[in-house]
Amino acid sequence: MAQGSNYNLDQKFDFTASVKKVIFILGGIGALLLVFGIIMAATGGHGHGEETGHGFHWTQRLYANLWINNVYFTGIAIIGVFFFAIQYAAQAGWSTALLRVMLSLGYWLPIAAVLMLVTFFIANHDLFHWTHSYVFDKAGDHYDRIIDGKGSFFYWPMEKGTFPIFYIVRMVLFFGFWVFFFNKLRTLSNEEDLHGGTTYWHTIRKWSAIFLIFFAVSSSISAWDWVMSIDTHWFSTLFGWYVFASWFVAGLSVITLITIFLKEQGYLEMVNQNHIHDLGKFVFAFSIFWTYIWFSQFLLIYYANIPEESVYFIERLSSDVYGSYIFVNLILNFALPFLVLMTRDAKRHNIFLKVVCTLIIVGHWVDFFLMVQPGTLGHNGGVGLMEVGMLLVYGAAFAFVALSNLAKHNLIPKNHPMLEESYHHHI
Amino acid sequence: MERDKNFILGIFDDEDILKNAVREVRAAGIKIHEVFSPYPVHGLEDELGYKKSRLPVAAFLFGLLGTTLALTMQFYMMKFDWPMIIGGKDHAAFPDFIPVTFELTVLVAAFGMVGVFMISSNLKPWGQPKIFDLRSTDDKHVMAIDIANNAAVDLEIIKGALKNSGASEVNSKSFD
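Chain order of the listed sequences is A and B.
Note that the working numbering has the first sequence beginning at 1, numbered continuously upward.
Note that the working numbering has the second sequence beginning at 1, numbered continuously upward.
Read the hints as simulated data drawn from the structure, not as lab findings.
Some hints could be false.
What the hints assert, rightly or not - Think about it this way: if two alpha-carbon atoms lie no more than 20 angstroms apart in a straight line, the pair counts; the simulated EDC-like pairs of lysine to aspartate or glutamate are:
1) B:Lys-89 x A:Glu-315
2) B:Lys-52 x A:Asp-278
3) B:Lys-130 x B:Asp-176
To be verified - Between beta-carbon pairs, the in silico distance windows are:
4) B:Asn-122 x A:His-349: 32 to 42 angstroms
5) B:Ala-110 x A:Lys-281: 12 to 22 angstroms
6) B:Leu-64 x A:Gly-140: 26 to 36 angstroms
7) A:Thr-198 x B:Asp-13: 42 to 52 angstroms
8) A:Ala-17 x B:Val-100: 49 to 59 angstroms
9) B:Ser-120 x A:Leu-32: 56 to 66 angstroms
10) B:Asn-122 x A:Tyr-303: 40 to 50 angstroms
11) A:Gly-266 x B:Tyr-76: 56 to 66 angstroms
Glycine included, each C-beta is placed from N, C-alpha and C at the ideal position.
Isolated chain A (complex conformation):
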């Protein structure tokens, strides 16, 4: 049995030039594809405009892509903090050596906040139908009674159709508190390295519990605000959990991938196949949880067949652009993780997890693609160079931010009271 004293607890992740190079190359390829995609769209993409009556401009597709990745990577970042808080709320000991990996995702949050706000101010009319003031104009031809009824949710206390103050305040508030909680937990966890003792653990647990309550409400409302309000007429009561489930699986996959990456680089010697197995179980279980939520939403709408609800799925399933991606979504996010990660051996071997987690990260991007594009671009959307490029650019930026900040602090919370328990984790 390996004893605790043999491990090097003062290790720091060295963000080497070769790792940076891989990330820059990926980001560079993404930027190149993005530029090509924009050029192609700007020079040739006007063909469909006439049918619907208002022209389609390539910038709309760019904005939709920005929005998909803003929402998606914000989710992955906050899930890092969420999973960290869960470990404390559940008094979990097994994951102690992985806590800093979870926290590293949260460094993206301030950047995500800026990107989200800027994108909203630039692209609000192209993304959200409810931002047009004419839908609230009772005298006008475009008056929309249903959006008028929902208008206060965006504009209160101002007049509908002016400035969406309530919406902006919520966005700022959520990001503000998320960043605040992230900084609080991160600072406490780093201070524990210096002073030790059990007080830090209790303080972090308290802050984790408060954060979890805030996150329970804010994650749901942010899903309505940022994603569901694109299809303004439509509503689904479990949409918040649906978006959360998608974020959670993607976040868990990123945590698993970073852990495996660190292990293969020779860090985290105390993390063995038992810890990897547990991460694999989380990815497996929450893939099924996502499927459960996705299907619960689909089945009730399909079964009841009320036009105002079923329009969401008709828009996607009967579309020549999006129809096939529904099945790509289900295969990548349910069938593959379910079948590949079912056995114990698959969850204990890095190669299976690396493949499945990468596919899940792509798969949940497809999930958000299917949430955002049909409502913003209609039949002008699709997966092209711009989509792949933008995902790579965001992915590379996210990886760079997470890893460069991971390198700044001790990789292991060396004075965590449950570190010893983590060494002896056995399943």
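Assemble the complex: chain A is given as a structure, and chain B must be docked to it using the hints.
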């Protein structure tokens, strides 16, 4: 000598001593029949060199059986036996079948797995489980060694190995 009849039992008070004893006894070339402990001892199955359980395979196959049963049943009922139009859907509306299919898959897999486990570990209703030492349900770990399986090793050597590796008692147990 017949198998599963005559055993030597080592009684252990402590799980660490037990795990160490398992290693030493196996290293001495003695085959262990089974170890009984009042609670799960982490790492014991590795020390005993157990092969991977095949129970998950049974669970998967029973699950597959449940899926097949559920789908066949629903397609037969809804499409052929008593076709009804519900909510304007096809008679065989596949998404409607999924909740029942899921439940039956879980049910058949769970029952099948429990059944297979009961039979393979001799807990079946018509079986008579061997009770080696009642104290293994309380506070003692019991290591059972089948004498017939260790015909090449002298009895005294087995007893000595158990004593030396920390057994608090070494007993014999015979079943008819």
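To see whether the hints hold, each was checked on the structure:
Only pairs whose Cα atoms come within 20 angstroms are accepted, and B:Lys-89 paired with A:Glu-315 is accepted, the gap being roughly 19 angstroms. Our distance criterion of 20 angstroms between C-alpha atoms is met by B:Lys-52 and A:Asp-278, whose separation comes to about 18 angstroms. At most 20 angstroms may separate the alpha-carbon atoms for a hinted pair to count; B:Lys-130 and B:Asp-176 meet this at roughly 10 angstroms. Look at B:Asn-122 against A:His-349: about 33 angstroms separates their beta carbons, and that is inside 32 to 42 angstroms.
At roughly 18 angstroms, the beta-carbon separation of B:Ala-110 and A:Lys-281 lies within the given 12 to 22 angstroms, and the hint holds. Checked against the hint of 26 to 36 angstroms, the C-beta distance between B:Leu-64 and A:Gly-140 comes to roughly 59 angstroms, which is inconsistent with it. In this structure, A:Thr-198 and B:Asp-13 break the distance hint of 42 to 52 angstroms, their C-beta atoms being roughly 32 angstroms apart. The given range of 49 to 59 angstroms is respected by A:Ala-17 and B:Val-100, whose C-beta atoms sit roughly 57 angstroms from each other.
A C-beta distance of roughly 59 angstroms is found between B:Ser-120 and A:Leu-32, which places it inside the suggested range of 56 to 66 angstroms. Distance hint check for B:Asn-122 and A:Tyr-303: the Cβ-Cβ separation is about 47 angstroms, which falls inside the suggested range of 40 to 50 angstroms. A beta carbon spacing of about 59 angstroms between A:Gly-266 and B:Tyr-76 agrees with the range 56 to 66 angstroms that was offered as a hint.
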